[in-house]
Amino acid sequence: MKFRKKPVVIDAVQWTGDNLFEVITFTDGAPSIRGTHAGEKWEDYCKLVGADGLKIFTLEGKMNASVGDWIIKGVQGEFYPCKPDIFAATYEAV
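Residue numbers (the working numbering): 499 to 592.
Watch out, some of these pointers could steer you wrong.
Unchecked claim - Below, simulated DSSO-like cross-link-like pairs (lysine-lysine); rule was C-alpha separation at most 30 Å, straight line:
1) Lys545 to Lys503
2) Lys504 to Lys571
3) Lys581 to Lys553
4) Lys560 to Lys571
Unchecked claim - So the derived label-pair ranges between C-beta atoms look like this:
5) Pro505 to Ala549: 35 to 43 Å
6) Thr534 to Met499: 46 to 54 Å
7) Ala591 to Asp550: 26 to 34 Å
8) Glu520 to Lys500: 35 to 43 Å
9) Lys500 to Gly548: 38 to 46 Å
10) Gly537 to Ile508: 27 to 35 Å
11) Pro529 to Gly575: 43 to 51 Å
It is worth saying that the hints were derived from the structure and are not from the lab.
Beta carbons are placed, not taken as given, at the ideal position from N, Cα and C, and that holds for glycine.
The task is simple: from the sequences and hints, build the whole structure.
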């Protein structure tokens, strides 16, 4: 049998390596840059992401997001990274 993906509108943001605040705001809500995020001071969290890479917590567990990946909010409110070529082949701007 063959199946066609149902048309669905998604929200997404592209991880550039320089837009951590935007990505975190998208996935978790606006962080307090004067406070903490994920148990770390914001500046320490930024350094951690710079050293270890951006981690996205998905329904399947923690996944690494590479610079250039799109972070997608799924139909159930879940988040996951998507490679740019797959994103371009699957989605178009609305």
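Consistency of the hints with the structure:
no. : hint                         : result
1   : Lys545 to Lys503             : 39 Å, violated
2   : Lys504 to Lys571             : 16 Å, holds
3   : Lys581 to Lys553             : 14 Å, holds
4   : Lys560 to Lys571             : 15 Å, holds
5   : Pro505 to Ala549: 35 to 43 Å : 40 Å, holds
6   : Thr534 to Met499: 46 to 54 Å : 50 Å, holds
7   : Ala591 to Asp550: 26 to 34 Å : 31 Å, holds
8   : Glu520 to Lys500: 35 to 43 Å : 38 Å, holds
9   : Lys500 to Gly548: 38 to 46 Å : 44 Å, holds
10  : Gly537 to Ile508: 27 to 35 Å : 29 Å, holds
11  : Pro529 to Gly575: 43 to 51 Å : 19 Å, violated
The structure fails hints 1, 11 (numbered hints given earlier, in ascending order).
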